[in-house]
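Please model the complete structure; the sequences and the hints are all you need to start from.
If you want the working numbering, it's the position in the sequence shown, counting the first as 1, plus 721.
If you are wondering where the hints come from, they were derived from the structure by calculation, not from laboratory data.
Because the structure is a prediction, the values reported are computed rather than measured.
Hints may contain errors.
Computed beta-carbon distance windows for the label pairs [as the list claims (entries may be wrong)]: (1) 959 <-> 985: 51 to 61 Å; (2) 861 <-> 748: 32 to 42 Å; (3) 743 <-> 820: 45 to 55 Å; (4) 849 <-> 885: 14 to 24 Å; (5) 763 <-> 877: 15 to 25 Å; (6) 732 <-> 759: 53 to 63 Å; (7) 1134 <-> 961: 24 to 34 Å; (8) 961 <-> 895: 51 to 61 Å; (9) 921 <-> 726: 39 to 49 Å; (10) 921 <-> 748: 48 to 58 Å.
Every residue, glycine too, gets a C-beta built ideally from N, C-alpha and C.
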Amino acid sequence: MTRRLLLSYLSLTMLVLLGLEVPLGYFYARGEISRFTGDGRHSAELLAQALEVRVEQRAASDIPELVADFIDGNGSHVIVVDDRGKVLADSDKATAVGTDLSAEPDIAAALRDRSLSTTREDRVVQGDAFTVTVPGSSGSVVRCVVRVSYPVAPVTAKIHGIWMTLGLIGLGVLVAVAAIAFALAHWVTGPVRALERATAELADGSLKAPPTTSQGPPELRRLADTFTRTAARLQHLLQAQRAFASEASHQLKTPLTALRLRLENFEPYLDPRAHDSLDEAVGEVERLGRMVHGLLALARLENSATAPEATDLDAVVADRAGTWTAFAAEHYVDIVVTGDPAGQVWAVPGALEQVIDNLLSNALRVAPPGTTITLATRRSGDQRSDTVELHVIDQGPGMTESERERAFDRFWRAADSYHEGTGLGLPIVRQLTRAGGGDVVLEAAPGGGLDAVVRLRPAGGQPTAAPRRPRPAEQEEWVSVF
722 MTRRLLLSYL SLTMLVLLGL EVPLGYFYAR GEISRFTGDG RHSAELLAQA LEVRVEQRAA
782 SDIPELVADF IDGNGSHVIV VDDRGKVLAD SDKATAVGTD LSAEPDIAAA LRDRSLSTTR
842 EDRVVQGDAF TVTVPGSSGS VVRCVVRVSY PVAPVTAKIH GIWMTLGLIG LGVLVAVAAI
902 AFALAHWVTG PVRALERATA ELADGSLKAP PTTSQGPPEL RRLADTFTRT AARLQHLLQA
962 QRAFASEASH QLKTPLTALR LRLENFEPYL DPRAHDSLDE AVGEVERLGR MVHGLLALAR
1022 LENSATAPEA TDLDAVVADR AGTWTAFAAE HYVDIVVTGD PAGQVWAVPG ALEQVIDNLL
1082 SNALRVAPPG TTITLATRRS GDQRSDTVEL HVIDQGPGMT ESERERAFDR FWRAADSYHE
1142 GTGLGLPIVR QLTRAGGGDV VLEAAPGGGL DAVVRLRPAG GQPTAAPRRP RPAEQEEWVS
1202 VF
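Okay, here's the thing in structure tokens:
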């Protein structure tokens, strides 16, 4: 923002300087040229009148002296010819006396009593010269012609000097404006930068350094003060919410355990017909206990600020698949690991294990006997937005699109769900995944079932092949073994 403000101030100043200095320099240059040419013509006419008198008085011997006095100090070149165009005098003696110049256009025009002025190169003045050719005449009788060549280098240098002066003035103004603009922009954007830092800290979960309200424009100071009060209020509300969830869940654990024990102690004294109701009550207490455990886990996740670390996804997948294989076999379900080596990914320490455990637990609840749960890893995206995906695919009944969208809401359970659950497993999975910069979505699996897709950020480097646990023999004909 400081750079943009500085550029805008300098651009505006540049436009003002160009609007002032260019016309000023242009009109000054035109004035100098007009004064130079006017003075040159006037001096040449005065010299022509004086020489015309000498020619009329037949005092040609005085002409060289008059010419020498004229060029003294001005560096001009003077040629005088008579009424027939023959040279009477040359200040530089470059043209011999008696040389006929009547054929030259300016001399011929002056012999017809016409004055001419032009700019041309003159070897005597060694450069461009402003040449004035005027007749020395009385009435319509031309007795001599005078050609005076003035060097234009001095007036050109003077014009260049004024342009240089204007440029230096403009540069000085730009430097001064840049210094003032930088100070002003820094003063204006200081509170904005403080707000940006405070907003980033608040987004990370803790506002340690509230933005200062003692500097900057009054509007920004008021904004910073309002933001500080809003952030403090928001932090207080979030802390109160987290404290309530954590403390309430923690305080409920002991009463729930005692309640379960009391219910189980009732069993010997109940009528056998009431045992089913007792079992249902104990099951509900167990489900409530799992819900309390899930709430505690979510509270810990929300309060933690653990930085993600590079984790070997292939090793974690192989380890968790091996851990769950025996339990899945009890339900007559196979766990298959497939896909390309994924390598290192960013994840909070221990998060991937919990994510896979939750997803496998959910998949086993809905997987019919004799089906397969597939763990597949793959890379997707291009080099600039590479992503590692972990797919947990079951062959259960699946979910509708609306159910998949709501599945990550806390305490949500499908209306036709006959399986135990707290509705907190998938929210915990999403929280753990996002803590490492990834995300998780639910998609319909090809052929039926659910595909839980965990997208993770690669930690860099080329993935290396990791050992995969073998699959059941009946799966080997369509899945390669790693």
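Structure-based check of each hint:
no.	hint	result
1	959 <-> 985: 51 to 61 Å	violated (39 Å)
2	861 <-> 748: 32 to 42 Å	holds (39 Å)
3	743 <-> 820: 45 to 55 Å	holds (47 Å)
4	849 <-> 885: 14 to 24 Å	holds (20 Å)
5	763 <-> 877: 15 to 25 Å	holds (21 Å)
6	732 <-> 759: 53 to 63 Å	violated (40 Å)
7	1134 <-> 961: 24 to 34 Å	holds (28 Å)
8	961 <-> 895: 51 to 61 Å	holds (56 Å)
9	921 <-> 726: 39 to 49 Å	violated (22 Å)
10	921 <-> 748: 48 to 58 Å	holds (56 Å)
The structure does not agree with the numbered hints 1, 6 and 9 stated previously, though it agrees with the rest.
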